[in-house]
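Peer 1: As you go down the protein sequences, you meet chains X and D in turn.
With positions in the first sequence counted from 1, the corresponding number in the working numbering is that position plus 122.
With positions in the second sequence counted from 1, the corresponding number in the working numbering is that position plus 122.
No wet-lab data here; the hints were simulated from the structure.
None of these values were measured; they are calculated from a predicted model.
In this text, a Cβ means the ideal position worked out from N, Cα and C, and glycines have one as well.
Treat the hints with care, as some may be off.
Said to hold, decoys possible - Not everything, but these chain D residues come out facing chain X in the computed CB check (under 8 Å): (1) Leu155; (2) Ile257; (3) Cys268; (4) Asn271.
The primary structure of each chain is shown beneath.
Number of protein chains: 2
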Amino acid sequence: MAHIALGVDETLFPGITGPMIYRPETAKPLNDLAEVLLRGPHTMSRGERELIAAYVSGLNECRFCCGSHSATAAAQLEQGMCLVDQVRADLDNAPVSPKLRALLRIAGAVQVSGRNVTPALINDARRAGSTDLEIHDAVLIAAAFCMYNRYVDGLGTLAPSNPQAYAYSAKRIVETGYRA
Amino acid sequence: MAHIALGVDETLFPGITGPMIYRPETAKPLNDLAEVLLRGPHTMSRGERELIAAYVSGLNECRFCCGSHSATAAAQLEQGMCLVDQVRADLDNAPVSPKLRALLRIAGAVQVSGRNVTPALINDARRAGSTDLEIHDAVLIAAAFCMYNRYVDGLGTLAPSNPQAYAYSAKRIVETGYRA
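Here chain X stands alone, though its shape is the one from the complex (with noise of 0.2 Å):
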């Protein structure tokens, strides 16, 4: 059960879901973000973003963040769910063009420290063919999921351990983004 009363049966909205019920105030730029950042008009495909998303999760060690980025990037990733764990489980040698490892390599920095982003990792992502804005997203993304993950285990709220629920999840936000 989470550390506060959040109003809700924890196992119909687990997660962050709960949160964003109990203050809708901070649920609206939290959700804006997510949207902008993960399904916004890109060069990134929103599958790459999400990868990036559930990537950083798994850093954290967060349970609910991991699983449901991990399958919504897999819902929207033509090698599916194999990818995302084998981007997770091993990054250097995961089947990921080049420019996206680069940025994946970004975001693992970033989620140590803004001050491990080196000039190197720039480079490396710059000479596989990063632009600016990549750059940016990449950093943006694993940023703000150093904060998804931060309020959703801050809070001790449930996460579900079936993978289906996960699964559905990511259908819906598939479908219907991060808004709905």
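Dock chain D against chain X, hints included.
Peer 2: Chain D alone, transformed into the frame defined by chain X:
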């Protein structure tokens, strides 16, 4: 100089302001979130909420955010920068209420990981008189600054060394808020 070309003179638009001009689509929800959390109607004063932001930014060693939110806290606290410095240097002995100290301890736990927020920390906050909403917002302010700090430093933006720069920006924030 920042890791990407922000298209602004960084001496005029340091820290988070450059990336916000560069990417207005993400700046909007980021500013909306800060406005609700740090300035919206609340049982915690604006100064107290800025103090949580400054404390977490200090723990994350984010010079720009710590300078900016320390100045904004100081401008809205009766005891000014002296209190901000005491809280940052020695929370256990700083002259704050037991309630604010307990909420700052929760924020400090969130800075490390959401999973570090223990039932004992929550119970201490409750015993000191914290409401569920105050606990919720302390967690989310701390989580949000784990994002803002990583965004600012992950892009390698400029942090002014002159305290006057932060005092000037604090005055603007106190007068017009984060959405201006």
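Peer 1: Does the CB of cysteine 268/D sit less than 8 Å away from some CB of chain X?
Peer 2: Holds - the Cβ of cysteine 268/D comes within 8 Å of chain X, reaching about 5 Å at its closest.
Peer 1: Answer holds if the nearest beta-carbon of chain X is closer than 8 Å to that of isoleucine 257/D; otherwise answer violated.
Peer 2: Because about 5 Å separates isoleucine 257/D from the closest Cβ in chain X, which is inside the 8 Å limit, the hint holds.
Peer 1: Let me know if the C-beta of asparagine 271/D comes in closer than 8 Å to any C-beta of chain X, holds or violated.
Peer 2: This interface hint holds because 6 Å falls under the 8 Å limit.
Peer 1: Taking the least C-beta to C-beta distance, is leucine 155/D closer than 8 Å to chain X?
Peer 2: holds (4 Å)
Every hint, counting from the list given before, is met by this structure.
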